[in-house]
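K.L.:
Construct all of the structure, not just a fragment, from the sequences and the given hints.
In case you want the letters, here they are:
There are 4 protein chains.
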Amino acid sequence: MSAENNDSLVISTDPLHPANLIPELCRSFYHLGWVTGTGGGICIREGDKVYIAPSGVQKERIEPTHIFVLPYPQAPSLHADRVFLRRPPVLKESACTPLFWNSFDIRDAGSCIHTHSQHAVMVTLLWTGPTFTISHQMIKGVRVAGTGNALSYLDTLEVPIIENTPNEEDLKDSMAEAMNRYPDAPGVLVRRHGVYVWGPDWQKAKTQTECLDYLFEIAVKMKLAGLPTVLNP
Amino acid sequence: MSAENNDSLVISTDPLHPANLIPELCRSFYHLGWVTGTGGGICIREGDKVYIAPSGVQKERIEPTHIFVLPYPQAPSLHADRVFLRRPPVLKESACTPLFWNSFDIRDAGSCIHTHSQHAVMVTLLWTGPTFTISHQMIKGVRVAGTGNALSYLDTLEVPIIENTPNEEDLKDSMAEAMNRYPDAPGVLVRRHGVYVWGPDWQKAKTQTECLDYLFEIAVKMKLAGLPTVLNP
Amino acid sequence: MSAENNDSLVISTDPLHPANLIPELCRSFYHLGWVTGTGGGICIREGDKVYIAPSGVQKERIEPTHIFVLPYPQAPSLHADRVFLRRPPVLKESACTPLFWNSFDIRDAGSCIHTHSQHAVMVTLLWTGPTFTISHQMIKGVRVAGTGNALSYLDTLEVPIIENTPNEEDLKDSMAEAMNRYPDAPGVLVRRHGVYVWGPDWQKAKTQTECLDYLFEIAVKMKLAGLPTVLNP
Amino acid sequence: MSAENNDSLVISTDPLHPANLIPELCRSFYHLGWVTGTGGGICIREGDKVYIAPSGVQKERIEPTHIFVLPYPQAPSLHADRVFLRRPPVLKESACTPLFWNSFDIRDAGSCIHTHSQHAVMVTLLWTGPTFTISHQMIKGVRVAGTGNALSYLDTLEVPIIENTPNEEDLKDSMAEAMNRYPDAPGVLVRRHGVYVWGPDWQKAKTQTECLDYLFEIAVKMKLAGLPTVLNP
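Residue numbers (the UniProt record's numbering), protein chains in the order written: chain U, 1 to 233; chain W, 1 to 233; chain P, 1 to 233; chain B, 1 to 233.
Think of the hints as simulated: they come from the structure by calculation, not from any bench.
Be careful, since some hints might not be right.
It does not matter which identical chain is used: a pair holds within one copy or between any two.
Unchecked claim - Simulated crosslink set (DSBU-like; lysine-lysine; CA at most 35 Å straight-line): (1) K172 to K49; (2) K223 to K49; (3) K92 to K221; (4) K172 to K92; (5) K221 to K49; (6) K223 to K172; (7) K221 to K172; (8) K92 to K49.
Computed from a predicted structure; not experimentally measured.
P.N.:
In C-alpha cells:
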C-alpha cells in the first residue's frame, strides 16, 4: 500500500490513538492561543512510528486523515525525518519535523509541542540574553531535561533562547546545540517565534508546555511590573 | 422565485456550504472578540455568487436563512453590490458590502473578513501615521497582497490605515485607494474601527486574519513595553 | 395556583421563551466574566410579565424552574416590584429588581442587564467624575437612551456614574435620578460595582451591553496608554 | 472490598455526586486558568466521606474512577488524612490533602478549592506583607471565615499570605496558624503559589473562589494603575 492512502494507520475508534488525539489537542491548543493562524503543532511518537499534524492548515480543523505517519526505527543510523509511512495527498508535511526529531534523538522524547504563544514570544523579547530564567514559582510541573525528575520550588529553571531563521528547518542545528549546551532544559525558546517543549509522552509534553507557558506569562507580568524573576541569583 | 424567499440558495446539508460556514465562523469570531455587539462579519464568494451575513444582528446567532446572496458576474462591467439573488425579509444587508466588493474587484479575493478586534483598533491608535509596520515576527502566515506568496520572517509587513467615516459605505473609495497605493498589503486597517482582511478563499482569509490579529496584539504589547516593532528600519 | 409552584409560567419547549433564554444568556455572560461569583443578571419583560434570574446562585447553572415571574400591569399606578406570579421556594429574588424596574418605568425597556464586568469597574475608577465619555469609536451599536436611534461615530457617548451603596436596592433612587438627568444615556455605571444597560428587547439589551463593555475595555486601555477618549471635547 | 477497587464509591448516575462533580468542576477550572499544568484542585466532603482529585494529572481529563475517597469520622480524634476508602491504583493522592483537612478541621468546611490563578500569585508579589486587603468592591459574595455571614461593601476583606515551601504538605502548619490568626478570612494565599478557599459546600466554595479571584484580578489592575485598594484604611 502506498504512503499516499495508507488510511489504516490513522483510522481508529480509540480516542487515545495519536491520529485522534492530535486533532483534539490541536483544537485545544487553538483555544489557548498557541497555534493561531496555522502556526505551531504537536507530534506523538509511539513505538516505531511518529504521527505529525500537517503544515499550513487551520489547526482547529484537523481530521485524523490529515495526519502524517513517519517511521522511527530503533537504530539511530536509520533515523530520517523525510521518509513517510503515510503522506496525505495535497497536504504539506510540517516544517517542524526536523526539530521534533531533535527531541526524539537527543532526549528520547515521546512527544514534542511547538507553540507560537505570545507569552513565549514576549519572554524572548524581554530577556535579550541566551536564556530565560525563573525561580520560586510553581515550576514543580516541569522536569529536568523534560524527561527527568520534577524541579523543586527552590530550583532555578533555565530555558535557552535561540535566534530565529526564515526557514523553520534551519533551526535544527542551533536547537540541537542549545539542547546539548543546556542538558537540563525542558524546552527551547525561539526568539520572536515561540517555543519547543517535549516530554516522555503526550500527556507530560502537554502539561509541561502548560507549566512553561504559565511561567512565561507570569514572568512577563513580573518583568513589566519591575519584579525580579529569580531570587538570590 | 423572488429574492425574498429563495431558500434553495442557502439550504444545504454540506457543512462547508457558505450559508452553513458563515454562521459557524461568525460564532467562532464572536468568541475571539472580533464581532462583538453585532459589528464585523464575513463574506464568501463562490463562483458567481457572494454570501454575506446580515447587518445589525447578533453575529453568534446567525442562521443559514439569514444569509444574503448576491450575484458576482464575470464581466466587471456588470458588478453591482446592491443586487440580490436572495434577500431575507426583515433583515438588513451588511453595510460592509461595498468594502467586501473592493477585495473581489481589486484583488480577486474569494473571501473577506471584517473585525472590530481591539488589537486592530489599538494599533490604529498607537501608530498615528498612514501605515502599521512590523518585521521579524511570525508573519509567514501572511501573503503578499493577501493572495500572493507567503511573506518571510525577514520581510517588513506594511498595512495601510485609513480614516474612519460615520457611514461604513463611505470607506469604499479610501479603502480602494489604499489598496492601490499599497498593492502588497493583505488588508486595510480603519482608524478607531477595525480591519478588513481578504484571501483567495475563506480558509486563507480566516488564517490571515488570525495572523494579522496576532501581529497586532504582540505589536501593541511591544509598543507599550517600549520595544520597536521593526528591526533595522 | 400559588406563586410557589406555578411551573406553567416557566416550562416551555420554545428556546426563545424567557425562562429558557435567561439560563442560556447567563451561561454566556458567565464566560464573558460579567456575572462571576453569583453577581449580575438579566431580566426580560414580555407583555405584562417580567422574568428574573434568582439572586446569589451560580449564574451559569440556572434552570428554567429557578426563574421568578412578576406582573407588569399596564397601569403605572399598579407597578410594584415585590409581587410575584411565580416565586421558586428556597431561592431569593434578585436584589436588582427595583433597578431593573427603573428601566421599564423610565425608558419602557423590554430587558435590562446588570454586569460586574471589570472593564466597567475600571472605568468608574479611572473616570472619577459623574460621567464616562467617549467618542470616535465603534459606538454605532449603542442607541440614544438605550431605546432610540443609533449613535453616530462622531457623537460623544456619555454614561453617568452613580456611587455604590451596600444594599443594591438603595441604588434605585440615584439610578432613576441619573436616568432623568442624562436622558440620552443607554445605561448607568455604578462606581466600584458594575453597570446597568437596557434595550427595547433582550437582543438589543445584550448587544448594547456588549458594545458598552467593548467601549469600557478600549477606554481603559487608552487611558492607561495616555490616549484621550474624547476628541475635540 | 479493598480500597484499590472500591468503584461503588465513585460510580453514580447523579450528576451532583461528588465523583461526577469533581471532574466537571476541574474542567471548568482548567478553562479559568486555575489548574493549568496539573496544579490545583478541589475536594468535597459529604457526611463522613471526602472526595479528592488525584495529583499530577491533567485536571481537565479526570474521570470519576480517578477520584480518591477518604473517611472523615465525626470524632476529631479519629481524623487522619492518609487513610483511604478508595485509592485508585497507579494514581497519586493529592499533596493538598493535609491543607484541605485544615478547612474541615478548623472551619468545618464542606469543600475546599486550591488554584494557581495568576491573579492570586500576582497579589502575593505586589502585596509583600503578611496580608492582602481590599474594600469598596464587590466583596458581598465572600463570607466571614468562608462559612459565616456575607461581607458588606463597606467592610475590608483581609486574606493572609503565607510563605511557600517546596513540599505542599509542609504548608499545613503555617496555613493552620494563619487561619487561627485571621479567623474571619475566607481563604489563605500562598506566596508565589496560589490560594486555598473553602465554603460550607462546593457551590459556595466555588462562588467564593470566583469572588476572590475577581477581587485579586481587579486589585492587581488597581495597584498597577496606582489606585489604592482600601479606602480610608
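K.L.:
Hints first: check each against the structure and report whether it holds.
P.N.:
Tested hints:
1. K172 to K49: within (20 Å within a copy, 46 Å between copies)
2. K223 to K49: So K223 and K49 fail the 35 Å test inside a copy (42 Å) and across (45 Å) alike.
3. K92 to K221: between (37 Å within a copy, 33 Å between copies)
4. K172 to K92: within (19 Å within a copy, 37 Å between copies)
5. K221 to K49: neither (40 Å within a copy, 41 Å between copies)
6. K223 to K172: both (30 Å within a copy, 31 Å between copies)
7. K221 to K172: For K221 and K172, the Cα distance is within 35 Å both inside one copy (31 Å) and across copies (29 Å).
8. K92 to K49: both (18 Å within a copy, 30 Å between copies)
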